[in-house]
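Colleague: Below, each chain spelled out in residue letters.
There are 2 protein chains.
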Amino acid sequence: MLKKGTRCTICKSKNLKDKAVVFLPHHRLALCKEHFINWFENRVEKTIKEFKMFSKEDKILVAVSGGKDSLSLWNALIKLGYQADGLYIDLGIGEYSKDSKEISLSFGERIRRKLHIVTLEKEIGTIPQINSSANKPACSACGSVKRYYMNKKAKELGYSTIVTGHNLDDEVAVLFGNTLSWDIDYLKRQYPVLKEENGFIKKVKPLCKTTEKESALYAVFSNIEYIEYECPFSQGASSIRYKEIWSQIEQQSPGSKLRFYLGFLKKVYPLLNQENQDTKAIKQCILCKEPSFNDICGICKLKQKLHKAPAKL
Amino acid sequence: MLKKGTRCTICKSKNLKDKAVVFLPHHRLALCKEHFINWFENRVEKTIKEFKMFSKEDKILVAVSGGKDSLSLWNALIKLGYQADGLYIDLGIGEYSKDSKEISLSFGERIRRKLHIVTLEKEIGTIPQINSSANKPACSACGSVKRYYMNKKAKELGYSTIVTGHNLDDEVAVLFGNTLSWDIDYLKRQYPVLKEENGFIKKVKPLCKTTEKESALYAVFSNIEYIEYECPFSQGASSIRYKEIWSQIEQQSPGSKLRFYLGFLKKVYPLLNQENQDTKAIKQCILCKEPSFNDICGICKLKQKLHKAPAKL
Chain F
1 MLKKGTRCTI CKSKNLKDKA VVFLPHHRLA LCKEHFINWF ENRVEKTIKE FKMFSKEDKI
61 LVAVSGGKDS LSLWNALIKL GYQADGLYID LGIGEYSKDS KEISLSFGER IRRKLHIVTL
121 EKEIGTIPQI NSSANKPACS ACGSVKRYYM NKKAKELGYS TIVTGHNLDD EVAVLFGNTL
181 SWDIDYLKRQ YPVLKEENGF IKKVKPLCKT TEKESALYAV FSNIEYIEYE CPFSQGASSI
241 RYKEIWSQIE QQSPGSKLRF YLGFLKKVYP LLNQENQDTK AIKQCILCKE PSFNDICGIC
301 KLKQKLHKAP AKL
Chain B
1 MLKKGTRCTI CKSKNLKDKA VVFLPHHRLA LCKEHFINWF ENRVEKTIKE FKMFSKEDKI
61 LVAVSGGKDS LSLWNALIKL GYQADGLYID LGIGEYSKDS KEISLSFGER IRRKLHIVTL
121 EKEIGTIPQI NSSANKPACS ACGSVKRYYM NKKAKELGYS TIVTGHNLDD EVAVLFGNTL
181 SWDIDYLKRQ YPVLKEENGF IKKVKPLCKT TEKESALYAV FSNIEYIEYE CPFSQGASSI
241 RYKEIWSQIE QQSPGSKLRF YLGFLKKVYP LLNQENQDTK AIKQCILCKE PSFNDICGIC
301 KLKQKLHKAP AKL
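Residue numbers (my numbering), protein chains in the order written: chain F, 1 to 313; chain B, 1 to 313.
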C-alpha cells in the first residue's frame with residue numbers, strides 16, 4: 001500500500017509536488033505518473049536487449065487483442081522507436097470481439113501504425129463455432145488457432161518477428177501449471193524468445209518481466225483505452241486459478257513471481273536444453289505447408305471437421 | 001465428500017454392512033475402517049520396496065515426535081514385521097515436549113519396543129534457549145539440531161537406517177518452497193532415500209506417498225493416541241502457508257500433490273543428479289567428528305555460542 005503523500009523515489013529532490021501514485025513493493029519503488037511511464041518503457045527496452053529480441057532495424061508485428069497488455073506494449077514500442085505494426089485476430093466472439101476490434105483499430109489510428117486484421121470467420125470459423133466442434137478446452141483451441149494465423153500472416157506480410165503481450169503473471173501461471181505436472185516438453189520451450197526455425201517465425205515476449213497491474217497502470221497513465229473485461233470463454237480456466245494462488249504468494253512475499261520466473265530461466269531452462277535431446281521432428285502440413293508434427297496440421301484437421309475446404313495451397 | 005451409505009470398494013460384495021468411512025478421491029477409493037488400515041500398511045510396504053528403503057533384516061530407528069505421522073509409521077512398521085525401535089528427541093519446549101514425550105513413551109510400551117530418548121537440555125540446550133541465541137528461523141535451527149542428534153545417536157546405537165515420518169504433504173510443501181526459488185542444491189537432495197555416506201547414516205521416508213490426513217485416520221482407526229496440537233514455534237512457518245495453497249490445488253484437482261511429487265522424482269530428480277557435479281566437500285567436524293562442511297560443525301558452533309563446552313571427542 002502506498003502511504004498518502006509518499007514522494008516519488010526518482011524526482012523527490014526536484015519537485016516536491018510530484019507525489020508518488022504507484023508503489024512497486026518488489027522493486028521497492030514509489031513512482032509518480034511520469035516516472036512510472038519512464039520506468040515501464042525502460043524495463044521493456046532492457047528486456048528486449050537482455051534477451052536479444054529484436055533491434056530498431058527489424059520490422060516487427062505486435063499481436064494486438066485490444067487488452068491492456070498488447071496496447072501498452074505497442075505504445076511503448078513505438079515510443080521507444082521500434083518499427084512495430086499490429087495484427088488483430090477477430091475471433092468472432094460476439095460483443096467481446098466487436099468491442100476489442102474497435103478499440104484496437106482506433107488505437108492503431110491514434111499511433112498512426114498499420115493494424116492488419118485476420119477474420120477467423122473467413123479463414124476457418126469463429127471461436128464459438130470451433131469450440132462447439134473441437135474436443136479441446138476453449139482456451140487451448142483458441143490458442144492453437146491464434147498461433148497458427150499469427151505465424152502464417154506475419155510471414156506472408158514480411159515481418160521478422162511476432163511480439164506478444166504475455167506479461168509476468170501470464171508466464172508465471174503457465175510455468176506454474178507446467179511445473180505442477182513437471183511437463184518437461186513444455187518447460188523446455190518456456191522462454192521469452194522462440195527463435196525462427198522450421199517454418200516458425202521468431203516469437204518474443206517483451207513484457208515477461210512486468211506484471212499485469214503494471215500494464216494496466218501504464219495504459220491508464222498513457223490514456224490508452226483498452227477492453228477491460230475478459231473473454232467470456234476464459235472463465236474457470238486453470239490459468240486464472242493459478243493467478244489467484246500467485247497473488248497470495250506475491251502478497252506474502254513480494255518478488256516471488258519474478259524470482260520463480262527468472263530463477264527458472266537462469267537455472268532450469270538451460271539444464272533442460274543442455275543437449276540436443278530428441279525433439280519431435282517438424283514437417284510441413286501437406287495441405288497448407290505450415291509447420292506441423294503430422295502430415296496434416298491441427299488447423300487443417302479442424303477445418304475439415306468444420307466442413308470447410310482445406311487451406312488453399 | 002463421502003456420500004452416506006457408500007460401500008467399501010474392497011469388501012462391498014462380502015459384507016454389505018461394512019460401510020465406507022473414508023473416501024480417497026485421488027485414488028478413487030471408498031474404504032471401511034479395516035480396509036483403510038490394510039490399504040495404509042500396504043502402501044507403506046510398497047513404498048519401502050519401491051525405493052529400496054530397508055529390509056526385515058535391518059535394525060531401523062524411527063524418529064518419533066509423538067505426532068500422528070511418526071506413531072502411525074512406527075505402528076505400521078511393527079505390524080509389517082520390521083525391526084523398528086524409536087528415538088525421541090526431547091526438545092524442551094514446555095508442555096508440548098512434556099505431552100509428546102509421555103505419549104511416545106506409552107506408545108513404545110504398548111507395542112513393546114525400545115524408545116531411546118535424547119534430552120536436548122543435557123546435550124546442547126533446549127529449543128527455546130537455542131532460538132533465542134540462533135540467527136535462524138525457529139524451525140530451521142530445530143531441524144538442524146534434530147538431524148544432528150538423530151544421525152549421531154543412531155550410529156552410536158548401532159542402527160542401519162533412520163526412518164522419519166515425513167508425509168506427502170510435508171514433502172510437497174518442501175519441494176514447493178524449493179521450486180519457488182529453484183534452489184537446485186536442495187532440489188538435488190529431495191528424495192525419499194538418502195544413502196549412507198560421509199558419516200551420514202541412511203535416511204528414509206516411507207510415508208512420502210501418504211497424506212497427513214491418511215496418517216491421522218490410520219492413527220484414529222488403530223486407537224493410537226497422538227499429540228494433536230502443533231509445536232508452538234511452527235506458527236507462521238512458510239511450510240504451513242504452502243500446505244494451505246496445496247490444499248486448494250488438491251481440492252480443485254485431486255491427485256495434484258502426488259503428481260507434483262512423483263513427477264519430480266521421476267522426471268526432474270534424475271536430471272539434476274545426472275552427472276557427478278560439483279558438490280561441496282564434506283569433512284569431519286574437528287570437535288565432535290560428525291560430518292560437516294566446515295572445520296567446526298553448525299551444532300558445535302551453536303554450543304559455543306550457548307556458552308557450553310564443545311562436544312566431547
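Calculated from the structure, these hints are not laboratory results. You may find that some hints are simply not true.
Because identical chains share one entry, a pair is satisfied inside a single copy or across any pair of copies.
As a list, the in silico DMTMM-like pairs of lysine to aspartate or glutamate whose alpha-carbon atoms are at most 25 Å apart [as the list claims (entries may be wrong)]:
#	residue 1	residue 2
1	122	225
2	155	228
3	202	34
4	188	230
5	98	57
6	267	185
7	266	228
8	243	170
9	301	225
10	267	109
11	46	121
12	19	90
13	136	123
Keep in mind it's a predicted model, so treat the numbers as computed, not measured.
Colleague: Now tell me, hint by hint, if it's right for this structure.
Modeller: Going down the list of hints, with the structure as the test:
1. 122 / 225: neither (28 Å within a copy, 70 Å between copies)
2. 155 / 228: Neither. Shortest intra-copy (30 Å) and inter-copy (64 Å) distances fail the 25 Å Cα cut-off.
3. 202 / 34: neither (33 Å within a copy, 60 Å between copies)
4. 188 / 230: Neither, since 29 Å and 40 Å both go past 25 Å.
5. 98 / 57: Result: close neither inside a copy nor across copies, 34 Å intra and 73 Å inter.
6. 267 / 185: Close inside one copy (17 Å) and across copies (11 Å); limit 25 Å.
7. 266 / 228: Neither way: residue 266 and residue 228 sit 34 Å apart in one copy and 42 Å across, limit 25 Å.
8. 243 / 170: both (8 Å within a copy, 23 Å between copies)
9. 301 / 225: Result: close neither inside a copy nor across copies, 37 Å intra and 62 Å inter.
10. 267 / 109: The answer is neither: 43 Å in one copy and 50 Å across copies each exceed 25 Å.
11. 46 / 121: Answer is neither; intra-copy 38 Å and inter-copy 55 Å both fail.
12. 19 / 90: neither (41 Å within a copy, 56 Å between copies)
13. 136 / 123: Within one copy, since 19 Å is at most 25 Å while 62 Å is not.
Taken one by one, the earlier hints fail for this structure at numbers 1, 2, 3, 4, 5, 7, 9, 10, 11 and 12, listed in ascending order.
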